[in-house]
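Given chain A, work out where chain Z should sit, using these hints.
Protein chains in written order, with numbering that gives the first Met the number 0: chain A, 0 to 143; chain Z, 0 to 596.
Among these hints, one or two may not hold up.
[As the list claims (entries may be wrong)] Here are the simulated lysine to aspartate or glutamate pairs, EDC-like style, with alpha carbons at most 20 Å apart:
{"no.": "1", "chain 1": "A", "residue 1": "K131", "chain 2": "Z", "residue 2": "E107"}
{"no.": "2", "chain 1": "A", "residue 1": "K131", "chain 2": "Z", "residue 2": "D125"}
{"no.": "3", "chain 1": "A", "residue 1": "K32", "chain 2": "Z", "residue 2": "D125"}
Worth flagging that the hints you see were computed from the coordinates, not collected in a lab.
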Amino acid sequence: MRKILGFLIFMGVFLTGCASIKTLPQDNMLYIKELSLIKGIKDSGNKFLKLPFKTGVEKNPVLYLVLGNAEGRNEVEIRVYFKGKLVRKYTLSFGEEGKYYKRVIMWRMLEVKEKGEYQVVVFHNGTFLISKKFNIGNKVKKAK
Amino acid sequence: MGNFTNYRFFKILILLLLSTCMVSGEVLKVKGGYVLYSADDKYIYASGNLHIELLGNSVQGKRFYFDLKRWEGLIAGDVKFSGKEYDMMILKVKKKKLLWMGIRFANEVKTEGKGLSLPEFKYPEDLKKAAIYFEAREITVNERGRVKGTNVLPYALGAPSLPMHYMILDLGKPPDRTHLRPGTLKYTQEEGAFIGVILDVKEKAYRGTYELRYFERGLFKIPGDPRGIIFSGSGSFGKKGKPSLIDNSVFYTTMGKYMDFILSSLREGKLFEFRIQNRVTTRETEKPHYWFSSSLKFKKFKFFQPVVEVGWNYYSSYVIGISTDIIPVKNSILNLSWVKNVQEDHDIITKTEVSSIRFSYTPSIFNLNLNASLTDDLVERTLRKDMSMNLSFKPVPFLQKTFSLTVEGFFMFSRFPYGKDYSEKLSPGLRFSLSSEGFILPGGAELLPGIDVNQMWERGKTSWTEFNYFLGLKKNIWKFTLGVDLSLNSRYKSGGFWVEGYNNYFVNGRIEFKNQGSYITTIFYFNDKMELERVSSMGDVGLFFGFRFRFFSIYNNLRGRITTVETYLEKNLRNAIKLQVGYSLNLKKYFFRVIPL
Numbered sequence: 000m001r002k003i004l005g006f007l008i009f010m011g012v013f014l015t016g017c018a019s020i021k022t023l024p025q026d027n028m029l030y031i032k033e034l035s036l037i038k039g040i041k042d043s044g045n046k047f048l049k050l051p052f053k054t055g056v057e058k059n060p061v062l063y064l065v066l067g068n069a070e071g072r073n074e075v076e077i078r079v080y081f082k083g084k085l086v087r088k089y090t091l092s093f094g095e096e097g098k099y100y101k102r103v104i105m106w107r108m109l110e111v112k113e114k115g116e117y118q119v120v121v122f123h124n125g126t127f128l129i130s131k132k133f134n135i136g137n138k139v140k141k142a143k
Numbered sequence: 000m001g002n003f004t005n006y007r008f009f010k011i012l013i014l015l016l017l018s019t020c021m022v023s024g025e026v027l028k029v030k031g032g033y034v035l036y037s038a039d040d041k042y043i044y045a046s047g048n049l050h051i052e053l054l055g056n057s058v059q060g061k062r063f064y065f066d067l068k069r070w071e072g073l074i075a076g077d078v079k080f081s082g083k084e085y086d087m088m089i090l091k092v093k094k095k096k097l098l099w100m101g102i103r104f105a106n107e108v109k110t111e112g113k114g115l116s117l118p119e120f121k122y123p124e125d126l127k128k129a130a131i132y133f134e135a136r137e138i139t140v141n142e143r144g145r146v147k148g149t150n151v152l153p154y155a156l157g158a159p160s161l162p163m164h165y166m167i168l169d170l171g172k173p174p175d176r177t178h179l180r181p182g183t184l185k186y187t188q189e190e191g192a193f194i195g196v197i198l199d200v201k202e203k204a205y206r207g208t209y210e211l212r213y214f215e216r217g218l219f220k221i222p223g224d225p226r227g228i229i230f231s232g233s234g235s236f237g238k239k240g241k242p243s244l245i246d247n248s249v250f251y252t253t254m255g256k257y258m259d260f261i262l263s264s265l266r267e268g269k270l271f272e273f274r275i276q277n278r279v280t281t282r283e284t285e286k287p288h289y290w291f292s293s294s295l296k297f298k299k300f301k302f303f304q305p306v307v308e309v310g311w312n313y314y315s316s317y318v319i320g321i322s323t324d325i326i327p328v329k330n331s332i333l334n335l336s337w338v339k340n341v342q343e344d345h346d347i348i349t350k351t352e353v354s355s356i357r358f359s360y361t362p363s364i365f366n367l368n369l370n371a372s373l374t375d376d377l378v379e380r381t382l383r384k385d386m387s388m389n390l391s392f393k394p395v396p397f398l399q400k401t402f403s404l405t406v407e408g409f410f411m412f413s414r415f416p417y418g419k420d421y422s423e424k425l426s427p428g429l430r431f432s433l434s435s436e437g438f439i440l441p442g443g444a445e446l447l448p449g450i451d452v453n454q455m456w457e458r459g460k461t462s463w464t465e466f467n468y469f470l471g472l473k474k475n476i477w478k479f480t481l482g483v484d485l486s487l488n489s490r491y492k493s494g495g496f497w498v499e500g501y502n503n504y505f506v507n508g509r510i511e512f513k514n515q516g517s518y519i520t521t522i523f524y525f526n527d528k529m530e531l532e533r534v535s536s537m538g539d540v541g542l543f544f545g546f547r548f549r550f551f552s553i554y555n556n557l558r559g560r561i562t563t564v565e566t567y568l569e570k571n572l573r574n575a576i577k578l579q580v581g582y583s584l585n586l587k588k589y590f591f592r593v594i595p596l
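Just chain A, with the same shape it has in the complex (with noise of 0.2 Å):
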């Protein structure tokens, strides 16, 4: 008696879960992954490469964007604002209608002329994203 008992208390936990399965969420936005500075250098292909190491940011930084759950067409904007002002502003577009793309990662290399505190601003498909403060120009010790 007790384990039949035992039994439908377990059959009705997982039925209702089960039934619950299409009321779930499901995360459909796309995402930002990382947002950081990095060192970097163009190749041959102009592409930036992304080095092995991160010693902190000198002058004129790369910008590396990585986005999750990217679906069809997307464009995103990066605003650079220095000081409170809109210095640079970039817009990078990717994707293709009906496509899923897990993981999408961009660069851009920042062109700085005068060190101090960035904000970096990132817009996708019109509506703002992100946003992340940077000191640029700064050389930061190397982390041991």
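The following block gives chain Z in isolation, referenced to the frame of chain A:
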């Protein structure tokens, strides 16, 4: 009868655990397409058309990042708040009030509200690295950080588990009132299973914590008491934030029916400090032991503070003592004390009076410690004398701080009854120690020498000499470290005509691999005939999903067999429980351990 008691105890325990699941007021509600909660990080990420309610304020947006440890975060993408629109809004809860700053990014950055700094935020990819995380449609958080979810899919080690319509994702902080909460949950093959419940008492006149643990060994066929109870805890009477009037602590276990109960009190005045303690200890096989002790300290003078101490056992013994700390000069302390101890145990009476002097002086160059005591046995009418002195100089660096020399002198004297007569020991000694931080040799290898010399005399007749030499050589190649250690030890004892002594040397070779928190070390031990004696190997390697592989083994080359092996997989779950699964050659079995952290 025993089984019935245990069954009833289990029932009460489960009811107590369930009663801890009470709810209190909602502070944060996140409702939208997708909500991710990591209990390890105490962090919420949400995306979709979100409706957030924070301290009664309603906010809408596309993405939400919120740290429940700091109670701060941000909402981004078409943010709507109080009839205004922003690109991003920083949110912070401080003293149960919402602070906010709305930001619009156009040709200039325009802000409204409080001047808040951009919080550090965590990406969903990083949150999904947690051992356990939850995806939900809706999450609510109360003021104690208790997190509840609706339409929840829990993930364990990255794999989805059974979906739940409603689930408590985090219990949050315990409330600031008297309550029950789950306690120890532990299982090891050696000790069996433990389950406990904790009672936190937070009343006006009393605060304390007590734990009731039930242990089960009989089910797992572990020798010893098959099952039983352990009760332990401590608390204090007195108002919150003020010195306690009376402290108490208790420990009881059904194993041997052992109980220890202490009541104590410390009162501090301007002139006096008074301490009183009452202790009761009971054991199944012995009669109860009651011990009362008290001390009174006179604090009028800074350089002279006498203490009177009294101790009394209900059955047989008492202690009376007086002592004082005197500070004659800066960096020094002189302690004078006198103690009378009377004990009666199975018709054997011991009566002693101990008078002692302790002096220490620690200026910047050297440390001087002096101890002298006289023990007068009032029954046997004998007197024991002990004295010791130690003078050590601070290490002297030389050769650009490559070497450092330490010199220490000591002197010991004792005179104690030996049969009808007295025996005396007089032992002066010296110690020199030369150590080095190491040199870098050509080729990048590192050399580490060290010498230690000890010399001791006894009554001018016998002399001991001890030399210890050490030489280490180390070289790093990529992620490997190769090392050789040579150690020589010599000991000589001369007394009259005879000289006793021996010397030996040991060599060991070491290979070590280190990479991002993982390591494997193998050490080869050679004896003084340069024969390989044994090889030991140990390692700790990080694997996927936070699993770690750990091992330790010893191979005895002279016997030609492996003598020790312990190897296991280990996993920390939410920094609360450690799971270990593996094999031990010493136990000669596979083991599974659940260890609380």
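Holds or violated: K32 (chain A) with D125 (chain Z), Cα cutoff 20 Å?
8 Å, holds
Quick one, are K131 (chain A) and E107 (chain Z) close enough, alpha carbons at most 20 Å?
16 Å, holds
Restraint status (C-alpha distance of K131 (chain A) to D125 (chain Z) at most 20 Å)
17 Å, holds
In this structure, every one of the numbered hints holds.
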